[in-house]
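Construct the entire structure; sequences and hints are all you get.
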Amino acid sequence: MGLIIKEKEFVIPGDVIAEGIDYLPGNGVFRDGDQLVAQQIGIVNLDNRLIKLVPLTGAYKPKIGDVVIGQVVNMGFNGWTIDICFSNLAMLSVRDATSDFIDKKADLSRYYDFDDYITAKVLNISKSNLIDLTMKGHGLMKLKDGIIIDVSPSKVPRIIGKQGSMITMLKNLSNCKISVGQNGKVWIDGDNSGKAIEAIKLIEKESHIPGLTEKIEKMLGGK
Amino acid sequence: MVYSKRIDGRKFDELREIEAKVGVVKSADGSAMFRIGDTVAIAAVRGPRDLYPKFMQNPKKGILRCNYNMVSFSVDERIRPGPSRRSREISLVTENALLPALNLEEFPNAVVDVFIEIIQADAGTRCAGICAASLALADAGIPMRDMVCAVSVGKVGGKALVDLNKKEEDYEEGSSDMPVAMLPRKNEISLLQLDGDMKPDDIDGCLKLAIKACKKISEIQRNALMGKYQMEKEN
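Those protein sequence lines, which keep their order, are chains A and B. Add 52 to a position in the first sequence, counting from 1, and you land on the number used in our numbering. Add 15 to a position in the second sequence, counting from 1, and you land on the number used in our numbering.
No wet-lab data here; the hints were simulated from the structure. Misleading hints may appear alongside valid ones.
[To be verified] Derived pair list, reagent style DSS-like, types lysine-lysine, alpha-carbon separation capped at 27 Å:
hint, chain 1, residue 1, chain 2, residue 2
1, A, K173, B, K76
2, A, K60, B, K36
3, B, K75, A, K104
4, A, K113, B, K41
5, B, K230, B, K20
6, A, K60, B, K230
7, B, K20, A, K253
8, A, K179, A, K257
9, A, K157, A, K115
Written out as structure tokens, the structure is:
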């Protein structure tokens with residue numbers, strides 16, 4: 053009865069984390085009869101009576117409110133289809149795309165054309181994984197110029213940092229415009245973008261080491 | 016002649032030397048290598064991704080597709096490359112062995128592809144393939160109810176033993192070979208095939224041997240996964 057594996061420990065699928073009805077299954081954990089079992093590789097995280105996993109691997113799973121970077125793959129009469137690195141494509145409808153008035157007969161490619169990259173927010177997810185995006189919001193736009201790089205989606209929180217501390221520092225020290233999507237795409241634009249890419253790759257590689265912020269600061273030539 | 020000593024000098028319930036490695040194929044979402052004796056299997060997982068043709072999609076849950084292949088130089092005499100009757104069958108039984116361990120409800124209309132390549136074969140290839148595939152699926156972060164481990168057991172010259180090699184499989188005075196795949200948390204068996212003759216009473220004994228051996232393999236799988244992710248934590 054009770055907790056079998058302690059907090060902050062490493063688990064693989066099939067590990068029994070707790071037994072009995074004292075705990076509730078959260079993200080990455082499922083209940084099988086009397087047992088609470090891990091279903092992914094991750095680190096156990098306890099939130100009161102809720103057992104969650106911080107996954108160490110895995111593809112991006114969209115949540116409502118996530119800001120993602122996607123690519124236009126198709127256009128229809130009433131919107132665009134966007135690839136957001138998920139198993140299903142996302143929809144961006146005309147009325148969520150811009151605050152401008154778009155005429156019914158207008159050519160949609162004037163706004164976002166094939167292969168354009170955009171930042172958008174996840175508005176809604178249906179049970180069968182249909183995803184609605186919106187571009188109404190602060191900082192959501194079409195990405196012109198710049199470079200897109202891929203990082204592992206499980207490392208995105210580290211790149212952003214606590215209350216955006218890491219990303220703010222990166223922006224300030226490299227003088228680049230940087231936008232991080234929760235789906236593991238990072239957009240960088242600026243003269244100093246090479247340095248910024250190096251720094252982001254370093255964060256991805258050494259995301260678990262303490263004192264990373266200082267290391268990045270030094271690397272980018274901060275004080 | 017009674018089979019009193021094994022050809023390679025192992026004990027009757029001893030497995031061959033096992034090596035497992037995770038993350039060997041960089042371009043895949045998850046991958047693993049599993050070597051048991053001279054049998055080497057590499058598995059790569061792609062997905063969950065969109066499934067086409069559309070009529071194959073299942074809006075209730077994702078589907079699993081397995082592809083088992085032996086490369087032409089994996090055995091002594093060159094085998095014709097490409098799908099064969101045998102590889103089709105093994106792909107199917109691998110799929111059925113892995114499916115009870117997966118939670119694919121989160122991925123409606125999607126597919127998870129598993130590619131298993133046997134690059135060196137010395138009996139027990141489907142078991143090695145299943146072990147590698149299970150590691151690769153965990154590495155790809157697919158939600159799983161449990162890991163899957165597999166081993167072959169059999170009777171050679173009237174003696175029950177685990178993890179037969181090719182010479183034992185071809186033993187003149189009769190040999191039978193029973194691949195078993197298991198979900199170790201609840202000892203659920205997801206694959207059971209039998210090649211050769213076996214008395215009903217013997218099956219019980221062989222299954223017990225298999226369950227014991229599978230537990231050992233499951234420990235090795237755990238260490239392999241820890242090896243990749245703990246190392247990432249340390250350095």
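Quick rundown of the hints versus the structure:
1. K173/A <-> K76/B: 26 Å, holds
2. K60/A <-> K36/B: This hinted pair holds, its Cα atoms lying about 24 Å apart.
3. K75/B <-> K104/A: 25 Å, holds
4. K113/A <-> K41/B: This hinted pair holds, its Cα atoms lying about 21 Å apart.
5. K230/B <-> K20/B: 24 Å, holds
6. K60/A <-> K230/B: Given pair K60/A, K230/B holds - Cα atoms ~25 Å apart, limit 27 Å.
7. K20/B <-> K253/A: 55 Å, violated
8. K179/A <-> K257/A: Violated, at roughly 34 Å.
9. K157/A <-> K115/A: Violated - the C-alpha atoms of K115/A and K157/A are around 33 Å apart, more than 27 Å.
Hint compliance for this structure: hints 7, 8, 9 are not met, and every other hint is.
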